[in-house]
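Novice: Chain residues, written in single-letter form:
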Amino acid sequence: MNNRGFALYTALALVYAFLYLPIALLVIYSFNASKLVTVWGGFSTKWYGELLQDHQVLDAAWLSLKIAFVNACLATGLGTLAAVVLVRFKRFSGRALFTGMVSAPLVMPEIITGLALLLLFVGMENLLGWPDGRSMTTIVIAHVTFSLSFVTVVVRSRLSQMDRSLEEAAMDLGARPLTVFMKITLPIIAPALAAGWLLAFTLSVDDVVISAFVSGPGATPLPIVIFSKVRLGVSPEINALATIVVALVALAIAVAGRVMMSKEKPGG
Amino acid sequence: MKGKSLLEGGAGRFLVGLAPYAWLLVFFLVPFLIVLKISLSEPQMGIPPYMPLVDWAEGAFKGTLAGYRTLLGDNLYLLAYLGSLRLAGMATLGCLLLGYPAAYAIARAPRSRRQALLMLVALPFWTSFLIRVYAWIGILKNEGLLNMALMGMGVISEPLQILETDTAVTIGMVYSYLPFMILPLYATLEKMDLSLLEAAADLGCRPFRAFLAVTLPLSMPGVVAGCMLVFIPAVGEFVIPDLLGGPDTLVIGKVLWAEFFDNRDWPTASAVAVAMLVLLVVPIMVFQHFEAKRAERGE
Amino acid sequence: MAQASVKREVVAPWNDPQAVPLIRFEGISKRFGDFTAVEHVDLAIHKGEFFSLLGASGCGKTTLLRILAGFETPTTGRILIDGQDVTGVPPYERPVNMMFQSYALFPHMSVADNIAFGLKQDGLPKTVIRDKVAAALDLVQMGRFSGRKPHQLSGGQRQRVALARCLAKEPKVVLLDEPLAALDKKLREATQLELVNIQDRVGITFVMVTHDQGEAMTMSSRIGVMNAGRIEQVGGPVDIYEYPGTRFVADFIGAANMFQGTAREGEGALAVACPELEHDLSVTDAGTVAGGTPVTVMVRPEKVMIGRDKPQAGLNWAEGVVSDIAYLGDVSIYHVRLASGRKVQALRTNLHHGDDSRLTWEDPVFLAWHPADSLVLTR
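Protein chains in written order, with the numbering used here: chain X, 1 to 268; chain Y, 1001 to 1299; chain E, 2001 to 2379.
Hints were generated in silico from the structure; no laboratory data involved.
In this text the structure is predicted, and so the values were computed from the model without any measurement.
Errors might be hidden in some of the hints.
Unchecked claim - EDC-like mimics (lysine to aspartate or glutamate), calculated; alpha carbons at most 16 Å apart, straight line:
(1) K2120(E) / E2170(E)
(2) K2343(E) / D2330(E)
(3) K2047(E) / E2093(E)
(4) K35(X) / E1143(Y)
(5) K183(X) / E2170(E)
(6) K183(X) / D2122(E)
(7) K2149(E) / E2093(E)
(8) K2303(E) / E2189(E)
(9) K2172(E) / E2189(E)
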């Protein structure tokens, strides 16, 4: 390896260290017996015990997962339809508005989206009596609104790469348009749908700002609970929670990796 | 020159488009019109904390530009706007300086290793954003790990005040958005035809000059894409400045949050949102529109 | 460029005024915005034909094929298949199946499932589908590969599966869009003949789009040469090559020496005065051309004899020097510069090894061809 190569790999190693050291420290200190972050007080799992006693955190986590699941399904459905519209329907009245509305959430600061949606919910409640306060429903609506754009981006790129003659061939062989979509188009873009679903799920589970606007006392998702705890200062309990999240994500990625590996060979 | 296929027949087409169209109209466009409306309303003590725009009993239009006047009158808002731009700019620059060599190294790594190296860059995104930002509090605070390490090595004798400064916010943003810079950079660098560099060498160009004259200009689309992906979320960021910044860290996101949640001044918060939309989001969308057009023409 | 057509029974229903064509294009035009892809095409294709639409890219041949398949609706005109007007009938209800240039094999289905797809749409019983799939696979000798996915097949194997897929439904017409374009040269030549044999065996009408004239000549019963959205000429391979109807066809198919000139008054063989030549050209079978008409005389390079000796009387002839030689192994093409500066191509077969009499650069030569071997074009 020459000097330039060495310098490049050093830079790369530094970047990986930068990306992973903070997470590694969180994991290590989650086993710290001392409440003080910087003082190593010996190995302990007591913070995990405390975390599992904390009903506020557990309820919030459960709610977050429910929201993320419903959100991912709705966003994938709507986002896929939006992608089909954008790729396949080249001319219709209101296309410019539609394109704008689909892509705007990608660049919209979450804080504006959150504010706008809250004001909408307040206005609707005054006018129609629905939604009744902030609830899981309002959070799901808000999350779908911003995450469907991300799904659209993913599905759109797969759809526009797809060979149109596959659909024409199916039609030529006697399949009606709906059959073509279900039997040919959907299976072919399925990986993009899966990626979009995962992305929407992650965005929802992760969202703080929009949730802060549209959640209420009855429905507090996990990020809001963490955020309010963190704002008060560092807490070892959060370290434990972070470790669990990292472990779950690592597990999910390992499983996904296995599945992809085994599919790579005959599928594709 | 393909015509429309029969997949796109009238009724089916309408139904397919209806759901996402209606959803976005009701939950995306209408809310912004409401924000616009409230930004023109007068505040009041009560629920909701603003006056109706039109007094139907009197038939009078009760709009006011007071919210916007506040924005112009108090230079807090201007400073916050500039602060957001400055922090987002520094974060973008930081990501570029760190991300370019990394992307370059991955793109020139043996083909078999590239996917794995790339995965390692993208992985942190799938863990919680909030938790990753939180991790830096423990590292950067006065009695945090960084200061401990530096003092232990004898580099400094007094702890450095890093947390609650703009430096901390910048570090947090670079940390959070670095993958968004590396991925598009990698995509353009990986696509680059290496025989161009061989041609440059063959014509007598030394490696570093070849990098400046060939690689760098050709990777500009990736640089632009990466910068946009970092700058856009960074400029409207709330969580990172709130957790890592101090009371002096003035960014537009924090100001909006404070107006809304702390002052309960909905009209001013709405006016801030509208101003943010006009001054930040619209220029970004216009820029992206032209970028997309340019890319479509194949440059 | 003259390739021998595959030997086949000579049936020519297109010469029989009583025969009813299977496919009929009537005044078909297709415009995309300002661009006219197909301009007023009238065409009749008969049952059992192997018909090729030949033309350069952008000439409208693919659009015409897609109109026949039902993927495009013509702007004007109508299409009849077997006497039935199918102009507004969607592709999934037409008795026509297409083999796509990309083959369009469904990547997520096995070979057998790809072939069964069209049969399933017809709601056939499972056992029938299985038998038909097996029969189609046997026809293209792909029976061993029924369980494979398309990406596990070679290009040639994919091409066979695509063909089997459109034959399985036993359509009235099979459409082929550049069916061999993705294959390498050797395989392409072998497949040309095999395709024709399969077509002979199943007796289905084939309509093929191609830009490769050799392919069209080898495989087709008739060829429609297209240019700028119009059909320039329809005819068998020999007609198209030996008797092109227009300057475009003469130039597009094979190589041609074309001389601009003016017809002279007279009886018998037509005499044409060409400013580029010293002597008048004589053309037999020129039909009736009035004196003074501007015409083009066309002669194929292989019909032009080249030698050092002055040709016998009664031939068209010219003198010049060899300016370029393209040695192609089996043949050589000589570019001969005349006194007027005009260059004429002559083709000579390299019959012997180490031929000492071989012509070389700057050799003075005579060119000659028989009046019956050239053609007068007025369009």
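Novice: So, for every hint listed, does it hold in this structure?
Specialist: Hints, one by one, checked against the model:
no., hint, in the structure
1, K2120(E) / E2170(E), "holds (13 Å)"
2, K2343(E) / D2330(E), "violated (22 Å)"
3, K2047(E) / E2093(E), "violated (20 Å)"
4, K35(X) / E1143(Y), "holds (13 Å)"
5, K183(X) / E2170(E), "violated (22 Å)"
6, K183(X) / D2122(E), "holds (15 Å)"
7, K2149(E) / E2093(E), "violated (27 Å)"
8, K2303(E) / E2189(E), "violated (26 Å)"
9, K2172(E) / E2189(E), "violated (26 Å)"
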